[in-house]
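Protein chains: 2
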Amino acid sequence: MTQFDLVLVGYGNVARRFVSLLREQQAALRRDHRLVVRVVATATRHHGCVDNGRQVSAASTLAFLRDVVTRRAAAARDGRLVVVETTTLDIARGEPATSHVRAALAGGAHVITANKGPVAFAYRSLMRAAARSNRWFLFEGAVMDGIPVFNLARETLPLVAITGFRGVVNSTTNFILTAMEQGQPFDAALREMQARGIAEADASLDVDGWDAAAKTAALANVLLGARMTPHDVSRRGIGASDGAAAIAARAAGHRLKLVVRGQREGTRVVAQVGLQQLPADDILSQLDGQQNALILTTDLLDEIAVVQRGSGLTHTAYGLLSDLVSLATHGPATRQSPRSAPPRRSPPRQPRRT
Amino acid sequence: MTQFDLVLVGYGNVARRFVSLLREQQAALRRDHRLVVRVVATATRHHGCVDNGRQVSAASTLAFLRDVVTRRAAAARDGRLVVVETTTLDIARGEPATSHVRAALAGGAHVITANKGPVAFAYRSLMRAAARSNRWFLFEGAVMDGIPVFNLARETLPLVAITGFRGVVNSTTNFILTAMEQGQPFDAALREMQARGIAEADASLDVDGWDAAAKTAALANVLLGARMTPHDVSRRGIGASDGAAAIAARAAGHRLKLVVRGQREGTRVVAQVGLQQLPADDILSQLDGQQNALILTTDLLDEIAVVQRGSGLTHTAYGLLSDLVSLATHGPATRQSPRSAPPRRSPPRQPRRT
Chain A
1 MTQFDLVLVG YGNVARRFVS LLREQQAALR RDHRLVVRVV ATATRHHGCV
51 DNGRQVSAAS TLAFLRDVVT RRAAAARDGR LVVVETTTLD IARGEPATSH
101 VRAALAGGAH VITANKGPVA FAYRSLMRAA ARSNRWFLFE GAVMDGIPVF
151 NLARETLPLV AITGFRGVVN STTNFILTAM EQGQPFDAAL REMQARGIAE
201 ADASLDVDGW DAAAKTAALA NVLLGARMTP HDVSRRGIGA SDGAAAIAAR
251 AAGHRLKLVV RGQREGTRVV AQVGLQQLPA DDILSQLDGQ QNALILTTDL
301 LDEIAVVQRG SGLTHTAYGL LSDLVSLATH GPATRQSPRS APPRRSPPRQ
351 PRRT
Chain B
1001 MTQFDLVLVG YGNVARRFVS LLREQQAALR RDHRLVVRVV ATATRHHGCV
1051 DNGRQVSAAS TLAFLRDVVT RRAAAARDGR LVVVETTTLD IARGEPATSH
1101 VRAALAGGAH VITANKGPVA FAYRSLMRAA ARSNRWFLFE GAVMDGIPVF
1151 NLARETLPLV AITGFRGVVN STTNFILTAM EQGQPFDAAL REMQARGIAE
1201 ADASLDVDGW DAAAKTAALA NVLLGARMTP HDVSRRGIGA SDGAAAIAAR
1251 AAGHRLKLVV RGQREGTRVV AQVGLQQLPA DDILSQLDGQ QNALILTTDL
1301 LDEIAVVQRG SGLTHTAYGL LSDLVSLATH GPATRQSPRS APPRRSPPRQ
1351 PRRT
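Listed in order, the protein sequences are those of chains A and B.
Residue 273 in the working numbering sits at position 273 of the first sequence, and the numbers go up by one each step.
Each number in the working numbering corresponds to the 1-based position in the second sequence with 1000 added.
If we strip away everything but chain A, and leave its shape as in the complex, we get (with noise of 0.2 Å):
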């Protein structure tokens, strides 16, 4: 029997949601993967910081999560020690998510996160710093939630080179326009995004598409071995002054979507965030309200599409449920190496199982 100690660095709807559907499946871990999990601390930027069920005052929730890792030097030795990271994410610039990613990683945790901003702004520096480290960095619910899609390449794609990809990952983009072709106003449709907790609290992040560029980024890092930030992603949102074109594009047939892509285009890799006519027969043409997909590119397989057909916070959660399992499945991290950047052919896993 393994048991991790989880320190919770957010906690917000999502983590609140892992924790009561790390209740709901504690009698199943147990049973299945051997695991017994407990939450030793929490770190809120706004409620404070708890260990071990008592309040402690700290500078921040880096120095906090610092303090709680060193205190817990033998769990982290053992490889028994995870951070779980859902803070609120700067799109400026990646934090603070990358930095308490950086500081679990260096006391010997493990990291797993659903927080896209670690892994689009500094994919490749954290693996090297998890395998320094020997510990793991996980990140299944950073695009499409719980639905594999890291996971997917790194499990069950071996020997596969992921050329491109293309999707719609960003729910309330695909709301809206879903919305707007049926008539309704961007305003009315963006506010009852938000009032279900499923837009961003800044909602520009969504509908400028940042979140969208992001999550570019962050496909683009992992599974065509590029460098870039949400900043290197060409990048395009929608307005109320899209519904127009909505309209004509569900009259003409077709669907208006906001289409993530990326590529690998000799050595380099673009990546870009744009609105689309898409032809009805189009895979992402299907996409109603929240509803995400995902198409790779393969040299073996040609083309495959993942689609997300529900949405919700128990499928984020989910995504961090999965690493946890992934962790205690895999065991210690040796030999992560992060996926060679192109042209490069090799296989779409990073952290390699031992």
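Accuracy of the hints is not assured; some may be wrong.
[To be verified] Sample of chain B residues at the chain A side, in silico, Cβ under 10 Å:
(1) 1140
(2) 1283
(3) 1295
(4) 1300
(5) 1303
(6) 1307
These aren't lab readings, by the way, just hints derived from the structure by calculation.
We put the CB at the ideal spot given by N, CA and C, even for glycine.
Given chain A's structure and the hints, the job is docking chain B onto it.
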């Protein structure tokens, strides 16, 4: 570095492409998976049996296989002997493939197969045999070629309960239906599929729905914990007389598709293959020609769809290759156990990692 000795049982198009793919991927297998592979014996019904480069006379492929495995007891004991099963299937009984798999496991060999017969007819008993011998029985290529289906469930969806599935999994019938929609005659479309090597040697296996029924039984057994054979699947095929319905469906903006379904109903699993007229916004409606797709219904992630957009021999051969890498990655197969029958909720993986 691990060395696998392969025994090929069946040496048709799929096995030949597998061997050439092994050669193409030789360097990557060595570099990324520390794996060296060589073919030590080949058994075919028509061209005889070859062991270690020498033609051998044998009463049957099964008798030859037993001899080959016995002569390689040392490799079997070390978990380095792998039988690759790709013989032609007798759909009424799942033979000779099932007997081949059973003999190989009994002799201590791992088995990988692109054959749907063994998993459709005898999944549970073969998994028990694999567990007794502490070896793996893997079959990724049995449904949707090398596109991750069984690996997806086993490796990337821990703790998720799959409650049902639906999909389009037979390329020949989908190609014929797509052709008939456009006014082409049934026979011409079928001949084209046979000329391309896609249709089964015995065309009735495809057009009468037997291939789809075998895949449905395989999916139901593995993903839903059913105990069924293809004979337990309610089945309907397609014929020339469905052309008018296909044209009419298309004219109405719909598509006529041969849809497979499996679902838990209380403690039972029900499964069927049948023609359905689907609305245009159904994912399965978009599948043209040889494209396949599978939609899983789950508890934690709602519906997940996986779409195979290309096809061909390389896809099928890749299913075997990914199984081979799974063997190398997972090591010896301790703690294997078939997935429980409904209604117990448990994860969809059966061979567990060690």
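Now for the hints, and whether the structure bears them out:
| no. | hint | in the structure |
| --- | --- | --- |
| 1 | 1140 | holds (8 Å) |
| 2 | 1283 | holds (6 Å) |
| 3 | 1295 | holds (7 Å) |
| 4 | 1300 | holds (5 Å) |
| 5 | 1303 | holds (4 Å) |
| 6 | 1307 | holds (4 Å) |
Checked against the numbered hints given earlier, this structure breaks none of them.
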